[in-house]
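Enquirer: Sequence:
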Amino acid sequence: MKKTIVLSLGGSLIVPREINTDFLKKFVSFVKKTSRRNKIIIVCGGGHTCRYYITKANKIAKLSEIKKDNIGIAAIKLNATLIHSLLPDSKLIFLEKRSKIRFNKILITGFLKHGKTSDADAVLLAHIYKTKEVINLTNVDFVYNKDPRKYKTAKPIKKLLWKDYLKIIPSFKAGIHTPFGPVASNLARKYKIKVVILKGTDIPNLENYLANKKFRGTIIK
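Residue 600 in this note's numbering sits at position 15 of the sequence shown, with consecutive numbering throughout.
The reader is advised that the hints may include incorrect statements.
[Said to hold, decoys possible] In silico DSBU-like cross-links for lysine-lysine, where the CA-CA straight-line distance does not exceed 35 Å:
1. K806 / K698
2. K617 / K744
3. K647 / K662
Please keep in mind that the hints were generated in silico from the structure rather than gathered at the bench.
Modelling step: build the complete structure from the supplied sequences, incorporating the hints.
Expert: As structure tokens, this is what we get:
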């Protein structure tokens, strides 16, 4: 029986400022190779596109959280459609309720509910498909005890319990940027889902993790 791998793909990996063609070529190659022996579920984030649109729109008119969510959902759909277009064997479907979708190799999906995030969608899918693990591909290599972009003394953490991780990150607002969001983290804690934080651009490191070899990243459970 094939193993099901759930990937939460950060939107800022797909479009940091412009579409990251170098990363996407490597990611698509990885998915094609890995899907020969495994089933893969990909949940795309809105990333920079989402935050950019929310920031600019908010300068023109004060946006409600619902309107910010709408922008985030549109950004997720755009990124997911891009990934789907690069993977001919993939199925793209956005879910309105918790249900198990049959697919052969690659499923690109999400629930797109207000107040939820792509990370939370990945956790729900891991629970539905009974994988008990989400691999979160983001733009940092570890969870740190404080923001490494602001503090040179920030230290990487290799293993964390959910209760400790939840003390590090802020409460949820649309467009916030954390290694793994608070809504998703509370769901993962509830469903006993392990989350692995990896730097998404380091594909060999991702392959090492899947092969049970030494890797750089943080495990939260």
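Enquirer: For every hint, state whether the structure bears it out.
Expert: Evaluation of the provided hints:
1. K806 / K698: Holds, because 25 Å separates the two Cα atoms, which is no more than 35 Å.
2. K617 / K744: holds, 30 Å
3. K647 / K662: holds, 24 Å
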